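So you can see what is in the structure, the chains are spelled out below.
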Amino acid sequence: MRALLAATALCAIALAQPAGANAPTCDRACLEKTLDAYLAAMVAHDPSAAPFARDARFTENTAPIALTDGLWATATGMEDYRITAADPDGGQIAYVGVAKEHDRPVLLSLRLRVMGGRITEAESVVARDVIHFRNLRQARAGWAADLPAGDTTTPTDMRAGVAGYFDGIEQSDSSLVRFDPACQRLENGLQTTDNPNLLREMMEREGGPSAPSPLPKPPAPSPVEEKPEGASGGGMLSLGCAAQFDTGAFQFISDIAPRRGLVIDKEKGIAFGLFRFNHRGLHTSYRLADGSEMADPFGGQPWSMQMAEFFKFRDGRIWLVEAIGTPLPFGAPTGWENDE
Amino acid sequence: MRSVKILAAALFLGAAAAPLHAGSEPAAACDRACLKQHMDGYLAALAARDPSAAGLASDVRFTENGQALSVGDGLWGTMSGLGTYRHDFVDPQNGQIAAFVSIREGKGKAILTTRLKVRDGRIAEIETIVSRSDLGAGGMGEGPDRLDAMARPEAIWSRPVARAERMSREQLRETANAYFAGLERNDGKGYYPFSDDCERLENGFRTTNQQERLALPGVDPNAEELPFAYEYMALGCKAQFELGYYRFVDRIRDRRFPIIDTETGTVFTFVFFDHSGTIPEVTLTDGRTVQTNLDRPYTWEMGEAFRIEGGKIRRIEAVMASAPYGMPPNWPANGEDGE
Chain A
1 MRALLAATAL
11 CAIALAQPAG
21 ANAPTCDRAC
31 LEKTLDAYLA
41 AMVAHDPSAA
51 PFARDARFTE
61 NTAPIALTDG
71 LWATATGMED
81 YRITAADPDG
91 GQIAYVGVAK
101 EHDRPVLLSL
111 RLRVMGGRIT
121 EAESVVARDV
131 IHFRNLRQAR
141 AGWAADLPAG
151 DTTTPTDMRA
161 GVAGYFDGIE
171 QSDSSLVRFD
181 PACQRLENGL
191 QTTDNPNLLR
201 EMMEREGGPS
211 APSPLPKPPA
221 PSPVEEKPEG
231 ASGGGMLSLG
241 CAAQFDTGAF
251 QFISDIAPRR
261 GLVIDKEKGI
271 AFGLFRFNHR
281 GLHTSYRLAD
291 GSEMADPFGG
301 QPWSMQMAEF
311 FKFRDGRIWL
321 VEAIGTPLPF
331 GAPTGWENDE
Chain B
1 MRSVKILAAA
11 LFLGAAAAPL
21 HAGSEPAAAC
31 DRACLKQHMD
41 GYLAALAARD
51 PSAAGLASDV
61 RFTENGQALS
71 VGDGLWGTMS
81 GLGTYRHDFV
91 DPQNGQIAAF
101 VSIREGKGKA
111 ILTTRLKVRD
121 GRIAEIETIV
131 SRSDLGAGGM
141 GEGPDRLDAM
151 ARPEAIWSRP
161 VARAERMSRE
171 QLRETANAYF
181 AGLERNDGKG
191 YYPFSDDCER
201 LENGFRTTNQ
211 QERLALPGVD
221 PNAEELPFAY
231 EYMALGCKAQ
241 FELGYYRFVD
251 RIRDRRFPII
261 DTETGTVFTF
271 VFFDHSGTIP
281 EVTLTDGRTV
291 QTNLDRPYTW
301 EMGEAFRIEG
311 GKIRRIEAVM
321 ASAPYGMPPN
331 WPANGEDGE
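Chains as they are written, first to last, in this note's numbering: chain A, 1 to 340; chain B, 1 to 339.
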């Protein structure tokens, strides 16, 4: 009911603003309401209940499908998990949350562009192969809060931080990015920094070891064969953001391009973007910085991942990272090639 | 046997005569043997990771799993060898050949589906689907091993159809299309032109008249109550369609029929299967309601081939890989002409 009221209010706003048809006239509250209207309409399987522009563009996992298809056809509800980043000047809001698809949770990331009160772009990434949702009940407090008074983070810091982060992965070099010492990362709900239990967690899939699905999923990582002390043996999973970069354990990622769809939230100090991880699979193992040998986690196959990532900054440094991703055929287009 | 020899002789004569007509029928410039040689050369070059050895046109167009890639990228950088299985489909009339091939890639195995178009003695188009054992092959990761164990396709695929019984290209195409029309939103009441002894192979697994309890995604072979999938796969082609089980396949779209061989009655197709995930259970024509386990959107991209005799489908072979739901095609609709 609340969603209906919100949708009604939005329609009224939209009708009241015909003059600003192509201007980003939606402030933060308006962007959040538009997002809520989108989610409510999705769960109702009724795109007419959200303020879509007539020529709105929509993709789910890079495919340009109808707004009555994909998660719009299967969503049955929303859970509470929520991170948003709003950029009223650019007319964009980014979101990650947990949707229910036939009552089974899936991770949903959205980038909406709202012009003249209407949604003109909706880019969704749906991760349907999430291992567990233990870390996805409620977002950590840092995500919702505005930057505290005195925090030095600037939009320039955030853009540089994002660029340096992906350069640092490509080049196995943490000196390219300014990390807060307490930096932590969630990837599809798994804590992938400072987590010596990660490998065990990955085996503990909710709903049993074999989810009943023929869906595309990331290739299963090979069992760890190496000695546990070395970075190659899973030791890197106990390390923090910066130290992980320097182990060389990310060498199986060939490049991260394109990097696009940036949404910079100046008040919260959050940067969001869409990033394509390309794995060429050219080697079946890699030599790490400590001299140990790491098997390619995916056995030497070419494949890509579409990632949607949120970065929370603290005094100009990356403090929290939240990544949502879904596997794609190697080299797949983003679905938004002509727009940027 | 005699008719086969005569036919083969006729073909060679036809091939020998082709240059005389080269001006009027350039499409017939590469006959069966020529097309197979191009496939031989392409596969050898791929195994050697050496595109320069494949006889490629300078403007060759290459896709892998629906993505336009540079030659040298994708499987060209990861292929580690050929398996023992290879199943060719040829169409000299439009200069195309396709194959299902078991391969080695990195540390694993995969099934390669590939279509080549030969123009002016060079490979001008390469369309591939790599069905990888881990990435997107569902639970059918042993498919390449199954194909390697077979080593070669059943002989029936290459047996020439008696000249008097040959179907036209259009008839063959329509019969293959009847398979997709019957399967899409399958209700058990459609036109299902299958022979009584029809069999289907999918990613290396026989999925008709199958008594073995295959390892399938989401299916517990030791469940107290036998999962419906096993009962279903124990049926023949026509009985399966008549049950109306495939209703969860919402769309079979972007159907292309690039290779039609009237001599062997074979059709090689590329299609996308879209599953909206909105049909988690179906009521069969026998009144039972069964779970499909398909409650999320997903798409298969597939190469699928048919052996057709007397207007009926006798053999089906398909290789599929997962694609983002609704992924658009990367080749024009009129694949038969390759344009």
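Everything labelled a hint here was simulated from the structure, so no lab data went into it. Since this is a predicted model, take the numbers as computed values, not measurements. All residues carry an ideal CB built from backbone N, CA and C; glycine is no exception. Treat the hints with caution; some may be incorrect.
Stretches of chain A that chain B covers, calculated by requiring three or more beta carbons in the stretch to come under 8 Å of a beta carbon on chain B [as the list claims (entries may be wrong)]:
hint	region
1	268–279
2	323–336
From chain A, some residues computed to sit far from chain B (all C-beta separations above 12 Å) [to be verified]:
hint	residue
3	C30
4	A40
5	R140
6	R200
7	R259
Status of the hints after comparison with the structure:
1. 268–279: violated (count 0)
2. 323–336: holds (count 8)
3. C30: holds (30 Å)
4. A40: The assertion about A/A40 holds, with a minimum of 19 Å to chain B.
5. R140: The assertion about A/R140 holds, with a minimum of 28 Å to chain B.
6. R200: holds (20 Å)
7. R259: holds (19 Å)
Hint 1 from the list above is the single one not met by this structure.
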